[in-house]
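Student: Line order of the protein sequences matches chains E and G.
So that you can map any letter, position 75 of the first sequence is 75 in the UniProt record's numbering, and since no number is skipped, the others follow by simple counting.
So that you can map any letter, position 474 of the second sequence is 474 in the UniProt record's numbering, and since no number is skipped, the others follow by simple counting.
Note that these hints are calculated values from the structure, not bench results.
By construction, the Cβ of each residue, glycine as well, lies at the ideal position given by its N, Cα and C atoms.
Treat the hints with caution; some may be incorrect.
Said to hold, decoys possible - With a cut-off of at most 27 Å between alpha-carbon atoms, the simulated DSS-like pairs for lysine-lysine come out as follows: (1) E/Lys80 / G/Lys451; (2) E/Lys104 / G/Lys451; (3) G/Lys418 / G/Lys513; (4) E/Lys80 / E/Lys109; (5) E/Lys80 / E/Lys104.
Claimed, not checked - Derived list of chain E stretches under chain G, where covered just means 3 residues or more per stretch with a C-beta under 8 Å from a C-beta of chain G: (6) 64-75; (7) 148-155.
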Amino acid sequence: MGKDFSSALRPAIVMTLLFAALLGLAYPLAMTGIGQAIFPSQANGSLVRDGGGRVIGSTVIGPAFTSERYFQTRPSAAGKGYDGLASSGSNLGPTAQALVDRVKADVGKRRGEGVTGPVPGDLVTASGSGLDPDLSPAAALAQAPRVARVRGLAPERVRALVAERTEASVLGEPHVNVLALNQALDGLSRTGSPEVPRR
Amino acid sequence: MTFQGWFLILAFFGVLLALAKPVGLWLFTLYEGRRTPLHLVLGPVERGFYGLAGVDPAQEQGWRRYALHMLLFNVALMAFTYAVLRLQGVLPGNPQGLAGLSPHLAFNTAISFTTNTNWQSYGGESTMSNLSQMLGLTIHNFLSAATGIALAFALFRGFARREAGTVGNFWADVTRITLYLLLPVCIAYAIFLIASGVPQALAGVGNVETLEGARQSLLLGPVASQEAIKMLGTNGGGFFNANSAHPFENPTALTNFVQMLSIFVVGVGLTWTFGKAVGNTRQGWAILSAMMILFLVGTGVSYWAEAAGNPVLHQFGVAGGNMEGKEVRFGIAASALFSVVTTAASCGAVNAMHDSFTALGGLVPLFNMQLGEVVIGGVGAGIYGFLLFAILAVFVAGLMVGRTPEYVGKKIESREVKLAVLAIAVLPLMILGLTALSSVLQQGLAGPLNKGPHGFSEILYAFTSAVANNGSAFAGLTANTPYYNGLLGVAMWVGRFFIIVPTLAIAGSLAAKKYTPESAGSFPTTGGLWVGLLVGIILILGGLTFLPSLALGPIADHLSMIRGQLF
Chain E
1 MGKDFSSALR
11 PAIVMTLLFA
21 ALLGLAYPLA
31 MTGIGQAIFP
41 SQANGSLVRD
51 GGGRVIGSTV
61 IGPAFTSERY
71 FQTRPSAAGK
81 GYDGLASSGS
91 NLGPTAQALV
101 DRVKADVGKR
111 RGEGVTGPVP
121 GDLVTASGSG
131 LDPDLSPAAA
141 LAQAPRVARV
151 RGLAPERVRA
161 LVAERTEASV
171 LGEPHVNVLA
181 LNQALDGLSR
191 TGSPEVPRR
Chain G
1 MTFQGWFLIL
11 AFFGVLLALA
21 KPVGLWLFTL
31 YEGRRTPLHL
41 VLGPVERGFY
51 GLAGVDPAQE
61 QGWRRYALHM
71 LLFNVALMAF
81 TYAVLRLQGV
91 LPGNPQGLAG
101 LSPHLAFNTA
111 ISFTTNTNWQ
121 SYGGESTMSN
131 LSQMLGLTIH
141 NFLSAATGIA
151 LAFALFRGFA
161 RREAGTVGNF
171 WADVTRITLY
181 LLLPVCIAYA
191 IFLIASGVPQ
201 ALAGVGNVET
211 LEGARQSLLL
221 GPVASQEAIK
231 MLGTNGGGFF
241 NANSAHPFEN
251 PTALTNFVQM
261 LSIFVVGVGL
271 TWTFGKAVGN
281 TRQGWAILSA
291 MMILFLVGTG
301 VSYWAEAAGN
311 PVLHQFGVAG
321 GNMEGKEVRF
331 GIAASALFSV
341 VTTAASCGAV
351 NAMHDSFTAL
361 GGLVPLFNMQ
371 LGEVVIGGVG
381 AGIYGFLLFA
391 ILAVFVAGLM
401 VGRTPEYVGK
411 KIESREVKLA
421 VLAIAVLPLM
431 ILGLTALSSV
441 LQQGLAGPLN
451 KGPHGFSEIL
461 YAFTSAVANN
471 GSAFAGLTAN
481 TPYYNGLLGV
491 AMWVGRFFII
501 VPTLAIAGSL
511 AAKKYTPESA
521 GSFPTTGGLW
531 VGLLVGIILI
541 LGGLTFLPSL
551 ALGPIADHLS
561 MIRGQLF
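If we strip away everything but chain G, and leave its shape as in the complex, we get:
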């Protein structure tokens, strides 16, 4: 570990904290549906969309209707992308002349991008045409992000409203978030990326002859426009197979820093927005503190493990940290930090190959996802996932002191706790169930590239990433098979919508409740005790559930590594 490495981590942390309030404030403006300066330009677009779609943005929706419109929109988007991918061969914008995708790959990819997972069973440069990248995938990067933020808004309204029957209007939320946040930021961001060396062209393949006389083909495409929203919307689906490790996606240390910031920035802002929405910004800071404790611990462990390197290779005289799967321009610290950021959020972009991390360096991303990606988390999904844990935490605190739990002015009763448990239980059931299944079935065992415990880690990582809607991979796993495409597709769908619907039900149930003012007997949800309780609940639940699976995978791998046992 170096001084420069820690400087990078602390600089990242500092910039992030400074952005929390301004971004949170902007999100709050959208949450309230207030006018912004951008309305001058984009207001007509917004009104035009409502007009053509027959939507009245002022018409409030109850949670069931909000959920129904959200679900139908997502199904329509998924069907659209499925069609684009299947028909790729006959559609224009295909300079490489690539064929349409197989049914199982198109199924997997359409679900993957709809659910904000962006798991990629394919290599971008050899599978996707320019049109598929733009029309099939980029739109989901925006809209799955906007859907996540909209759902967070609906849950915030549940806490904030008193004796109300509605949680907002889905179309108004999604349209405003897209037009007044995601799109304008991405335009500026894409220009920055192009200036830094990310291609933005429709040309296709170009050939070069190297100084040694060898031929090399380079693929150009609309990369920057997709890269910007890929990061800002915590999507993570790269234009190229190697994702943000590819120099065309992430050419410099500066673009790398900005990419990491843009993964976290909306999620960090939303913690502040939540505090503002419930009338006490300290509530937001408390949540952010708990998240940041988990984040810094994860970063420390990962950086230490990667900087320590692989003792097996040190025996042959190889110096220093683990550089397998890493790019020189980023080095150890920026790669370790990126891996923690991308799995703490539900991004899943990678700037180094997680499969080639040391055993413990690879455990941190895996455990981040198993905690439910509540450390900042995906845009929207992180904060609503975190609030589910907050509900459990006040419930546990309530049990200890023998009072009905309250959180930000709402009584938390058995209905909310049951729904929260239902949503939280999806993760272990799906991850562990499908991993177990794939560890015994022939089709499952055909997948891993590596043998021994690391092969098991590849399977565990895949299902964890799919259910948690992350999308990063231990990419040695051969996942483009009917078996994995199918099961991972189902896992992604369940991992997204079986959490969203109970969350909306909680929003509806909370919105209907009376305001319960804080009293002397209320458990305070702003101080250090509360932050400690939150961290404890998240770690105990995640740890107890997943420790056995981690013992079989990364921990066994680590013990093999220090003993020098190879597979």
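Chain E extracted, bound-state conformation:
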């Protein structure tokens, strides 16, 4: 067995180093080269720029939207909320007092904004990543009256915008990208005098 052991030692060490070079360096670096060459936008985080070229987010990552003027993103457990360096869910279980307290408070806040009827689940729950870029169409529509009121837009116009921006999905659920929706909303407010209700 002693001879077996020493004869197995060389391949174990050499193969470790060879595979480390192939799989740990050559493969990921080659993929980086290919990715940067063919899909530079996606490979670098699918960044979104505003008209002036300033980076305002990523199409795939949810930013925090908390003001009343915008469609707000879901509650987030990533750091202090939508921290891109600390992705996380709340990890609270179904019988956790802390979960129930948080949801109760968020439901209360939505009721205060005039949401009646059942509250869409995703609007008052934290996502798995804490960086969810989307809302369900129901959660966006529930916010439409508030957004319309604050911006002085016609509620139907805001609801139509949500419908326009809803992406259907066969393998997942229909969803609305909140950053794209809010960008469109800003565009609407700038250009949209006909939609402003005359009061």
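Once you've looked at the hints, dock chain G against the given chain E.
Tutor: Just chain G, lined up with the frame of chain E:
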């Protein structure tokens, strides 16, 4: 539950069945060591590796030598990663300037990735440099997967060979599986992921200013290259803390579907390869049928529980299913399905936080792991784990009819049954023992985030996941402590190698046996009766062993939930 949700589940099931034979056939080519078109490009690499390492791929090894080379290779890999992680602070490829890992965290992580567990006591984005992700972790994602498949090949040879003293050559198996299966698939897969929005860069942190004027930092890195093998090799260790729930790891419903498929595809293929290797593909289909019955039942229960939602929250007017810990783009069905797939296999990637599932939705992943991850299972590990149960099943059938049991042409005698029981007993002993210990010790009780039965579930889930080499978590548990890092590290090591070595011993023992042709008195191992017996044995063993622990955790949690009792 919706029509769309069931459509997703059935579409997944259908695509998987269609892939079984083509993937199985490719694996069979590698099992036989035949030439493939890829040899044109990668053949020189393969020969170069053998040359430098001083390996003769044609030299057959007996089970002991095969095991020795496998073990030494794994120890060397583990030591390599331990060194990379400890030295992270002084190595290049560290744009965030992260420090080296603590000894207990590096110990835990090195074992975790070596054993194909990929339990993560750390948050990727705040702990691991780009170099550590690539050189320390990605290599294990390939090689622990290749090791698992190699061991399955060795066991297949045990069944297939007649009066032979050897079970193959470890180096040839590992090198061929890596070069002609895992690497080429991952190259194509990573390109698909990049095109879909998964980053692949070396840049590090970028800052953005949101429309509201707030700052947000985004971390980029070599994500796609690691993501591809993380799924294909049933590893599950994410680049980011939130794993496949993170939009950079899993940006769309389509990437989610492909990720789920890639967890299962090698395991499903291996059932076909087994049938082919023992000369009757119906043997493979029988195994796959038993696996799929368990899989569909688990998926149904999980989807129902998550779609029904949390009655405590419904009281406040919250509508619909349980969305806590889930991403909108996936929704309920794709999250429930992913949770079952990832724990049926030994993957452990998550696209939703299992800790926040309803009590019964969380029970299904836990029970999947406690069954030994034999429902498809980890690449290689699933099929060899399943064959251990098959050995027990023919043994039980043999007892009932009073004949020496046979399976695919080999007599199953007391040595094989003893070794199978030894391997199967590792799971309950380690899981229940360590969970019990941690439920009374102060260091153990310091871990859970949640209180009440759900806190117990967090501890039980951690040790189940570690011993079963899964790696998913009820992630509320604070595991980055010397106590948990140490114990979970030991649990992962024992859960991997204390099953592998008896399995190789069975391979050696079977290979030496004569072929026993099927006769009128043989118990048929292809029909519905056999499939039923297999499912029964797996459920009875798993159920009897773990039901008390499930009663204390998820079942008590469920009863609290429907009564509205909070903790």
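Student: Compare the structure with each hint and give your call.
Tutor: Verification of the supplied hints:
1. E/Lys80 / G/Lys451: With a Cα-Cα distance of about 23 Å, the restraint between E/Lys80 and G/Lys451 holds, given a limit of 27 Å.
2. E/Lys104 / G/Lys451: 19 Å, holds
3. G/Lys418 / G/Lys513: 17 Å, holds
4. E/Lys80 / E/Lys109: Holds, at roughly 19 Å.
5. E/Lys80 / E/Lys104: Within the cut-off at roughly 19 Å; holds.
6. 64-75: Coverage by chain G holds here, the residue count being 6 at a Cβ distance below 8 Å.
7. 148-155: violated (count 0)
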